[in-house]
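Student: Since chain S is already given, all that's left is putting chain P on it; use the hints.
Number of protein chains: 2
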Amino acid sequence: MLNDRSRILVDSIKRLLRRGAISHLRKIVNKAHAADLSVVFRFLSLSEQHKLFEMITEPEQKGILLSGLDEDILLDLIERIELDDIVEILEHMPNDDVADLLGRLSEEQSNTILERMKKEDSEDVEDLLRYEDDTAGGIMVTDFIALREDTTAREAIESLQKEYVDVEMPFYLYAVDEYGRLVGVSSLRQLVVVKPDTPLNDFMTTDVFFVQTNMDQEEVAKIVARYDILAVPVVDETHQLVGIITVDDVIDIFRQEATEDILKMAGVGEEFVETKSILKSTRIRLPWLFASCIGGIVAFFIIGHFEDSLSKLAYLAAFIPVIMGMGGNIGTQSSTIVVRGLATGRLHISDIWQVVSKELAIGLILGLVYGSLIGFVAQFQYSMGMLAVSVGLAVLSSMSIAALVGSLVPMAFARINIDPAVATGPFVTTAIDIISVFFYFTIATTFLGI
Amino acid sequence: MLNDRSRILVDSIKRLLRRGAISHLRKIVNKAHAADLSVVFRFLSLSEQHKLFEMITEPEQKGILLSGLDEDILLDLIERIELDDIVEILEHMPNDDVADLLGRLSEEQSNTILERMKKEDSEDVEDLLRYEDDTAGGIMVTDFIALREDTTAREAIESLQKEYVDVEMPFYLYAVDEYGRLVGVSSLRQLVVVKPDTPLNDFMTTDVFFVQTNMDQEEVAKIVARYDILAVPVVDETHQLVGIITVDDVIDIFRQEATEDILKMAGVGEEFVETKSILKSTRIRLPWLFASCIGGIVAFFIIGHFEDSLSKLAYLAAFIPVIMGMGGNIGTQSSTIVVRGLATGRLHISDIWQVVSKELAIGLILGLVYGSLIGFVAQFQYSMGMLAVSVGLAVLSSMSIAALVGSLVPMAFARINIDPAVATGPFVTTAIDIISVFFYFTIATTFLGI
Numbered sequence: 001m002l003n004d005r006s007r008i009l010v011d012s013i014k015r016l017l018r019r020g021a022i023s024h025l026r027k028i029v030n031k032a033h034a035a036d037l038s039v040v041f042r043f044l045s046l047s048e049q050h051k052l053f054e055m056i057t058e059p060e061q062k063g064i065l066l067s068g069l070d071e072d073i074l075l076d077l078i079e080r081i082e083l084d085d086i087v088e089i090l091e092h093m094p095n096d097d098v099a100d101l102l103g104r105l106s107e108e109q110s111n112t113i114l115e116r117m118k119k120e121d122s123e124d125v126e127d128l129l130r131y132e133d134d135t136a137g138g139i140m141v142t143d144f145i146a147l148r149e150d151t152t153a154r155e156a157i158e159s160l161q162k163e164y165v166d167v168e169m170p171f172y173l174y175a176v177d178e179y180g181r182l183v184g185v186s187s188l189r190q191l192v193v194v195k196p197d198t199p200l201n202d203f204m205t206t207d208v209f210f211v212q213t214n215m216d217q218e219e220v221a222k223i224v225a226r227y228d229i230l231a232v233p234v235v236d237e238t239h240q241l242v243g244i245i246t247v248d249d250v251i252d253i254f255r256q257e258a259t260e261d262i263l264k265m266a267g268v269g270e271e272f273v274e275t276k277s278i279l280k281s282t283r284i285r286l287p288w289l290f291a292s293c294i295g296g297i298v299a300f301f302i303i304g305h306f307e308d309s310l311s312k313l314a315y316l317a318a319f320i321p322v323i324m325g326m327g328g329n330i331g332t333q334s335s336t337i338v339v340r341g342l343a344t345g346r347l348h349i350s351d352i353w354q355v356v357s358k359e360l361a362i363g364l365i366l367g368l369v370y371g372s373l374i375g376f377v378a379q380f381q382y383s384m385g386m387l388a389v390s391v392g393l394a395v396l397s398s399m400s401i402a403a404l405v406g407s408l409v410p411m412a413f414a415r416i417n418i419d420p421a422v423a424t425g426p427f428v429t430t431a432i433d434i435i436s437v438f439f440y441f442t443i444a445t446t447f448l449g450i
Numbered sequence: 001m002l003n004d005r006s007r008i009l010v011d012s013i014k015r016l017l018r019r020g021a022i023s024h025l026r027k028i029v030n031k032a033h034a035a036d037l038s039v040v041f042r043f044l045s046l047s048e049q050h051k052l053f054e055m056i057t058e059p060e061q062k063g064i065l066l067s068g069l070d071e072d073i074l075l076d077l078i079e080r081i082e083l084d085d086i087v088e089i090l091e092h093m094p095n096d097d098v099a100d101l102l103g104r105l106s107e108e109q110s111n112t113i114l115e116r117m118k119k120e121d122s123e124d125v126e127d128l129l130r131y132e133d134d135t136a137g138g139i140m141v142t143d144f145i146a147l148r149e150d151t152t153a154r155e156a157i158e159s160l161q162k163e164y165v166d167v168e169m170p171f172y173l174y175a176v177d178e179y180g181r182l183v184g185v186s187s188l189r190q191l192v193v194v195k196p197d198t199p200l201n202d203f204m205t206t207d208v209f210f211v212q213t214n215m216d217q218e219e220v221a222k223i224v225a226r227y228d229i230l231a232v233p234v235v236d237e238t239h240q241l242v243g244i245i246t247v248d249d250v251i252d253i254f255r256q257e258a259t260e261d262i263l264k265m266a267g268v269g270e271e272f273v274e275t276k277s278i279l280k281s282t283r284i285r286l287p288w289l290f291a292s293c294i295g296g297i298v299a300f301f302i303i304g305h306f307e308d309s310l311s312k313l314a315y316l317a318a319f320i321p322v323i324m325g326m327g328g329n330i331g332t333q334s335s336t337i338v339v340r341g342l343a344t345g346r347l348h349i350s351d352i353w354q355v356v357s358k359e360l361a362i363g364l365i366l367g368l369v370y371g372s373l374i375g376f377v378a379q380f381q382y383s384m385g386m387l388a389v390s391v392g393l394a395v396l397s398s399m400s401i402a403a404l405v406g407s408l409v410p411m412a413f414a415r416i417n418i419d420p421a422v423a424t425g426p427f428v429t430t431a432i433d434i435i436s437v438f439f440y441f442t443i444a445t446t447f448l449g450i
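As they're listed, the protein sequences go chains S and P.
For what it's worth, the working numbering labels the leading residue of the first sequence as 1, then goes sequentially.
For what it's worth, the working numbering labels the leading residue of the second sequence as 1, then goes sequentially.
So here's chain S without its partners, still in its complex pose (with noise of 0.2 Å):
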């Protein structure tokens, strides 16, 4: 079965490279889809994947592969690659990919690689790397197929066959006026379905979806996904059409934005770390705690300020954990909506009062549920109604300060431009434990009368 492929890949190359096979790997290797080598270098040492590396024949299939190396990999791996030979990998691939592969690499390396690139190959690549990363004009190809609204079927046939041969994606033909401004679409299948003569014109949509070189990544994708479409043009200021995104790109660019905030939401930066070694991995995520430790800090000096009601009442403790743990995992419940809400497109910022009031009333609807639960467990261990009732009020009051706050604070942020789903994670979380602690010593000062 395909899903195993790269795992039964991965061990028959480990045992060959022990065993010395070359022969034997090079037909492997040269066979291999170069999408599944990229996979099993990651579990190869370095010098491993540059033998690997240097068996395989076609340009193209490098190009595939180290498209598809995770960024420190590839960044090792490209030392030891001749500057001629990464020249030539990269004429062979999509211009999308190269600009992509570059902005990859350190300023010196890209530098010294576009000056050895063709002219003309360099200045498409150039271009590219003139848009920022997240853009439409940051992953687009200027690959793509644009013929003049007054070109037959059958001429566009023709230069399908000449001058279009390497078009990545050649499923839409795109019109254009004599500036070059986009016109119109229409698919390669009602090319072969009109007769010959017809100008692209009279079967063309006029109706194109499009988007320009500085919409957001994001944005670009979901309107890919919602029309269903293979591919959406790009036009700059002027409405000249510059580029095109593929489907291809926008999966990835879902996988990572949906990899980004899972992992933000965690607090382990924005990048896959398991991959990378044990102190790097430490390194990445060592910032991240500090907010819950400097959160825990706060929480302690709150709770050193009640030391002396305390002493009196030592059973106060025991509650601590089950009311941290309640307003903790309501405030991830509604920020995790939030945040995912907004990144499908399912929530709007304009929507804020409403999320924000609707998270506020579940939140305190959940809290009467537990805070009279835990209330009542509160009553028959100790049989003290005032302990009982202070527990039973921490518990409602954290949970829905943790609903509101939850739901507020990624709400606020995606409103002013900052990333929700930063918000999430360990600071959220912080903020909740401090309040939490801090109302629920409060109240059961104040009813005990301690």
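Hint data in this document are derived by calculation from the structure and do not stem from the laboratory.
Small disclaimer: the values here were computed from a predicted structure and weren't measured.
Any given hint might turn out to be false.
Heads up, the list lumps identical chains together, so a pair's fine if it works in one copy or across two of them.
Claimed, not checked - Quick list of in silico lysine-lysine cross-link-like pairs, DSBU-like style, CA-CA up to 30 Å:
#1 Lys162 / Lys195
#2 Lys358 / Lys51
#3 Lys276 / Lys14
#4 Lys276 / Lys31
#5 Lys51 / Lys14
#6 Lys51 / Lys27
#7 Lys358 / Lys276
#8 Lys31 / Lys195
#9 Lys222 / Lys51
#10 Lys222 / Lys14
#11 Lys280 / Lys358
#12 Lys222 / Lys280
#13 Lys31 / Lys14
#14 Lys27 / Lys222
#15 Lys14 / Lys358
#16 Lys222 / Lys31
#17 Lys14 / Lys280
#18 Lys119 / Lys162
Tutor: Then chain P, alone, in the frame of chain S:
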């Protein structure tokens, strides 16, 4: 700009509904993309939805709209539509979408509809309904282009003009043998560039990526994404071509699976609840908080057990939040990395010991760093060497156990085929809370001799 398109649409439709501007509404509704309308429907009352729905003239558009609706909106709306209208709409929809839609209705509703549909269509749909929802069979379309391998390019193009006019994504032509078994694939582009009388088997690719009907949809999606293909053919046990899965469905799968994982990790079920009513959301979120509640009550009894020590040293309580918080946060980091790593294929269940021991090492290092820091704060505040050491050790053990549990539990769950995302949220956090509190008090009472 397109990204605010649906927002503007909602506002103008609401305004026109208030004004009762029927003819204007009819124009807008029929000009808007049905995918946009399905978003608009979230913001309208049921009777408004029904009114707008009836204004749409094209059954295709009605179908796209219905497919895009949230389940609860769909179920309410479909009750109001005449059976004959429903049948007409379904006959204009691709049959995977029909199967999907019927799968969301009650058995009774879906049987009534199937009985009314044309025999041929309903048989196709019933075939699709036999497959599990989340498998290749459950999401494939049965509209595809299959030609005998000796068909010439010219004949293939003619069949596109006659036989296969309705095929949704006509970009690949599959070649089958006399038994209908998949033997090759050609792209529409190859078809137009070869000489008209070349037979398919002269230019088709015989190394075709394919999946079997019972493959999990997430695996299918990964294959389409990894190899950058626009559709993957689905075969049954006898290698007969029975359907294809197109890239637009793959995008939906990735988004849906990411949302599910994120929501499960936060303990909010697996469906997006924010657009549901307050009571519905509360009901869905309530049980997930129960784990945390039970955990808190367990922690409560553990601390209660140490009540005597607490009366002697009240400030022991002050460190509970920081110890729980640090453990909780690093546990979330570990489990999130594992869950996302498994989902994206970066980690494999067979790496379990490697991953867990790495996480444990990271937990120990980070535990040392933060244990020392928090121990230092304890020393600074209370000047009691043994207390500082106990607190430091408690942080160290809490963080390393949290990293261990946080990585081991989802890995182990994945191994026994339970969704690892479920293991993450409230359950892992709660377990870590309990363990942390228990270790802390055991260490502190031992070291401080109380």
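Student: As a check of your reading, is lysine 119 near lysine 162 (CA-CA no more than 30 Å) within one copy, between copies, both or neither?
Tutor: within (22 Å within a copy, 47 Å between copies)
Student: Is it within, between, both or neither when you check lysine 31 against lysine 195 at 30 Å Cα-Cα?
Tutor: between (41 Å within a copy, 29 Å between copies)
Student: When no copy is named, should lysine 162 and lysine 195 be tagged within, between, both, or neither for a Cα gap of at most 30 Å?
Tutor: Answer is both; intra-copy 20 Å and inter-copy 14 Å each pass.
Student: Measure nothing new, just compare the shortest in-copy and cross-copy C-alpha distances for lysine 222 and lysine 31 to 30 Å and report within, between, both or neither.
Tutor: between (36 Å within a copy, 20 Å between copies)
Student: Between copies, within a copy, both or neither: which fits lysine 276 and lysine 14 at Cα up to 30 Å?
Tutor: within (20 Å within a copy, 52 Å between copies)
Student: Quick one: lysine 51 to lysine 14, C-alpha cut-off 30 Å, is that within a copy, between copies, both, or neither?
Tutor: within (12 Å within a copy, 64 Å between copies)
Student: Cα distance capped at 30 Å. Does lysine 51 pair with lysine 27 within a copy, between copies, both, or neither?
Tutor: within (13 Å within a copy, 64 Å between copies)
Student: Using 30 Å as the alpha-carbon threshold, which applies to lysine 14 and lysine 280: within, between, both, or neither?
Tutor: Within one copy, since 25 Å is at most 30 Å while 53 Å is not.
Student: Within a copy, between copies, both or neither: where do lysine 222 and lysine 14 come within 30 Å Cα-Cα?
Tutor: Classified as between: cross-chain Cα gap 24 Å, same-chain 41 Å, threshold 30 Å.
Student: Could you place lysine 31 and lysine 14 in one of the four classes (within, between, both, neither) given a Cα distance threshold of 30 Å?
Tutor: Within. Shortest intra-copy distance 16 Å satisfies the 30 Å Cα cut-off; inter-copy 58 Å does not.
Student: Using 30 Å as the alpha carbon limit, work out where lysine 276 and lysine 31 are close: within a copy, between copies, both or neither.
Tutor: within (28 Å within a copy, 51 Å between copies)
Student: Is it within, between, both or neither when you check lysine 358 against lysine 51 at 30 Å Cα-Cα?
Tutor: between (59 Å within a copy, 28 Å between copies)
In summary, this structure violates none of the numbered hints.
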